[in-house]
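Asker: Sequence:
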Amino acid sequence: MSRLHQSRIADFQEVLGEPTVALAKLRDLCFSGERPGGEGILLNYLPLEKALWSSLLKKQRDLYSQFLKEMIIQPGIAKANLGVSREDVTLEDHPLNPNPDSRWNTYFKDNEVLLQIDKDVRRLYPDMAFFQRPTDYPCLLILDPQNEFETLRKRVEQTTLKSQTVARNRSGVTNVSSPLKTTPSSLSEYEVLPNGCEAHWEVVERILFIYAKLNPGIAYVQGMNEIVGPLYYTFATDPNSEWKEHAEADTFFCFTNLMAEIRDNFIKSLDDSQCGITYKMEKVYSTLKEKDVELYLKLQEQNIKPQFFAFRWLTLLLSQEFLLPDVIRIWDSLFADDKRFDFLLLVCCAMLT
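When you line the sequence shown up against full-length UniProt numbering, it's residues 1 to 353, in that order.
Keep in mind that a hint or two might mislead.
[Said to hold, decoys possible] Simulated DEER-style distance windows between Cβ atoms:
{"no.": "1", "residue 1": "P145", "residue 2": "S54", "range": "14 to 20 Å"}
{"no.": "2", "residue 1": "E70", "residue 2": "G17", "range": "37 to 43 Å"}
{"no.": "3", "residue 1": "K298", "residue 2": "K58", "range": "35 to 41 Å"}
{"no.": "4", "residue 1": "N195", "residue 2": "P126", "range": "22 to 28 Å"}
{"no.": "5", "residue 1": "L214", "residue 2": "A350", "range": "34 to 40 Å"}
{"no.": "6", "residue 1": "S241", "residue 2": "K298", "range": "35 to 41 Å"}
{"no.": "7", "residue 1": "P126", "residue 2": "L48", "range": "23 to 29 Å"}
{"no.": "8", "residue 1": "N195", "residue 2": "N240", "range": "39 to 45 Å"}
{"no.": "9", "residue 1": "W53", "residue 2": "D272", "range": "39 to 45 Å"}
{"no.": "10", "residue 1": "S241", "residue 2": "P325", "range": "20 to 26 Å"}
{"no.": "11", "residue 1": "K69", "residue 2": "E290", "range": "38 to 44 Å"}
{"no.": "12", "residue 1": "T287", "residue 2": "L193", "range": "31 to 37 Å"}
{"no.": "13", "residue 1": "E70", "residue 2": "L23", "range": "33 to 39 Å"}
[Stated by the list, open to error] With a straight-line Cα cutoff of 27 Å, these simulated BS3-like cross-link-like pairs (lysine-lysine) come out:
{"no.": "14", "residue 1": "K213", "residue 2": "K50"}
{"no.": "15", "residue 1": "K244", "residue 2": "K213"}
{"no.": "16", "residue 1": "K58", "residue 2": "K69"}
{"no.": "17", "residue 1": "K213", "residue 2": "K25"}
{"no.": "18", "residue 1": "K119", "residue 2": "K25"}
Hint data in this document are derived by calculation from the structure and do not stem from the laboratory. Idealized CB from N, CA, C, for every residue including glycine.
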């Protein structure tokens with residue numbers, strides 16, 4: 001370890017050791033790659049006043065546990081959670097009830113979203129074994145056999161939906177397939193962990209499912225898995241055991257805050273607005289024109305449009321263009337910059353030159 005690196009780590013520890021974190025200093029250190037513990041502040045999860053951290057973290061983690069209790073259930077089976085009698089379930093809210101407000105109808109629609117999430121998170125960073133490995137901190141609330149909740153893994157495996165599953169992306173309906181049809185690349189591709197264990201990808205799946213339930217306007221769109229993956233990896237591999245233990249809840253809230261800034265990229269109806277992805281792709285070219293007019297003219301001459309490459313770069317924050325450690329390093333600087341998405345445009349331009 002170089003002296004410069006040791007010095008910057010000492011500076012980082014000094015900044016985080018103060019009663020009130022100096023945001024400008026923290027941004028400078030994180031921009032340079034010294035980040036342990038900084039992402040929570042930069043993504044507006046933790047306040048600058050350290051005295052507030054303990055109570056806020058407890059409150060947020062308890063809130064996430066409540067989300068799990070309320071949203072990962074099997075409607076029509078967990079009588080206590082549904083708050084209805086067996087007779088009500090049979091006569092008023094049965095699986096064939098066409099009422100859009102039916103709990104069963106909601107359950108089936110949730111399964112459509114869940115099956116797409118499951119498909120995406122199982123192949124998250126396939127070049128790494130991390131997401132297939134069991135977490136040291138499985139969610140006991142979900143896995144406790146005495147509870148009335150089922151894991152999402154079992155919900156996917158045991159689904160008996162007779163309707164077809166719709167795979168949804170930004171463009172709307174893109175694929176229709178039966179959830180009963182499994183392929184060697186789906187459920188059987190990965191080793192099944194014993195009862196009481198769950199893989200890291202299952203934790204990510206739960207985060208995305210809860211997010212989709214709480215944000216029905218956008219729900220889940222393919223690509224969100226590539227945003228939450230690096231965030232979860234950062235928390236789940238933190239040297240501090242407390243951050244590791246609560247990686248799921250902390251990742252959820254950081255992901256939610258980040259999505260509040262970039263969610264317009266995933267909404268097709270906003271593409272041509274000033275906050276939409278089309279405008280941002282054009283901004284890449286206008287920035288390139290300022291920085292390297294010769295290259296800009298060359299691309300124009302060859303009719304190479306920014307949609308050919310910049311859509312994925314911007315929507316997924318470059319998470320598909322580099323190996324995970326490099327993505328995390330780029331995100332250190334991206335989140336630390338107070339004009340973070342202007343910085344993203346500059347990185348995209350640098351990749352073109």
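Asker: Could you run down the list of hints and mark each one as holding or not?
Answerer: Hint check:
1. In this structure the supplied range 14 to 20 Å is violated for P145 paired with S54, their Cβ-Cβ distance being about 32 Å.
2. At about 38 Å, the CB distance of E70 to G17 agrees with the hint of 37 to 43 Å.
3. The given range of 35 to 41 Å is broken by K298 and K58, whose C-beta atoms sit roughly 56 Å from each other.
4. Under the hint 22 to 28 Å, the C-beta atoms of N195 and P126, about 25 Å apart, fit the expected range.
5. Distance hint check for L214 and A350: the Cβ-Cβ separation is about 36 Å, which falls inside the suggested range of 34 to 40 Å.
6. One distance hint, 35 to 41 Å for the beta-carbon pair S241 and K298, is violated here, with the actual separation near 52 Å.
7. Taking the beta carbon of each, P126 and L48 are about 38 Å apart, not inside 23 to 29 Å as hinted.
8. Between N195 and N240 the C-beta distance comes to about 29 Å, which lies outside the given range of 39 to 45 Å.
9. Between W53 and D272 the C-beta distance comes to about 42 Å, which sits within the given range of 39 to 45 Å.
10. S241 and P325 have their C-beta atoms about 22 Å apart, which keeps the hinted 20 to 26 Å range intact.
11. A beta carbon spacing of about 52 Å between K69 and E290 contradicts the range 38 to 44 Å that was offered as a hint.
12. T287 and L193 have their C-beta atoms about 46 Å apart, which leaves the hinted 31 to 37 Å range violated.
13. Roughly 35 Å separates the CB atoms of E70 and L23, a value that falls within the hinted 33 to 39 Å.
14. Taking the CA atoms of K213 and K50, the gap is about 31 Å. The hint is violated against a cut of 27 Å.
15. Between K244 and K213 the CA atoms are separated by roughly 25 Å; this keeps the pair inside 27 Å, and the hint holds.
16. For the given pair, K58 sits about 17 Å from K69 by alpha-carbon distance, which is consistent with the 27 Å threshold.
17. A distance of roughly 37 Å separates the Cα atoms of K213 and K25; the hinted pair therefore is violated under the 27 Å criterion.
18. Using a Cα cut-off of 27 Å, the hinted pair K119 and K25 is violated, with the two alpha carbons roughly 41 Å apart.
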